[in-house]
Amino acid sequence: MAREVLSIGQVRIHSGSASKEEAMKEAADILQAAGAVTGAYYDAMLQREQTVSTYMGNELAIPHGTNETKGEILESALSVVRYDGGVDWDGNPVTFVVGIAGKGDEHLEILSQIAILFSDEDDVARLKAAQTPEELFGLVSAAGV
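Under the numbering used here, think of the first position of the sequence shown as 2, with each following residue one higher.
Worth flagging that the hints you see were computed from the coordinates, not collected in a lab.
Mixed in with the good hints, there may be bad ones.
In the DMTMM-like style, the derived pairs of lysine to aspartate or glutamate whose C-alpha atoms are separated by at most 25 Å in a straight line are [stated by the list, open to error]:
1. K26 x E135
2. K71 x E136
3. K26 x E136
4. K129 x E69
5. K71 x E27
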């Protein structure tokens with residue numbers, strides 16, 4: 002990809018917990034602040050969640066919009082937020098909420114890179130142990146995301 006989809010400003014760590022809706026709103030707000038999506042992208046995420054859960058296992062959720070709302074995506078970007086207090090994602094425990102906006106088919110490539118990173122329990126443990134957003138950003142970036 003020509004442009005970096007993740008910058009340090011799009012990575013956050015919270016010591017507390019959040020509701021699923023709060024976590025999705027933060028993911029969408031970060032993407033919007035990065036200039037990747039319009040203000041309607043949060044609603045697109047909610048629509049997607051109503052049809053299929055974006056919980057992926059291994060404490061990961063990847064909220065994103067529906068195919069019908071592709072027009073809300075201006076360019077590809079990611080947001081990575083770790084909630085040390087956890088998020089109840091329809092009864093599933095989530096620590097990492099990774100918001101995705103993929104222009105064209107780029108979201109498939111981004112999704113596969115994130116799936117690979119989070120499929121390894123040692124990698125997930127390292128991501129959970131990161132002390133700062135900078136350290137978390139470094140680990141995610143090193144994974145080729």
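- Sort out whether E27 lies within 25 Å of K71, counting only the CA atoms. holds, 19 Å
- When you check the alpha-carbon spacing of K71 and E136, does it fall within 25 Å? Between K71 and E136 the Cα gap is close to 32 Å, so the pair fails against 25 Å, i.e. violated.
- Pair hint outcome, K129 versus E69 [Cα-Cα no greater than 25 Å]: violated, 34 Å
- Message: For K26 and E135, compute the direct alpha-carbon distance and say whether it is at most 25 Å.
- Response: holds, 22 Å
- Going straight from one Cα to the other, do K26 and E136 come out at no more than 25 Å? holds, 24 Å
Hints 2, 4, counting from the list given before, are not met by this structure.
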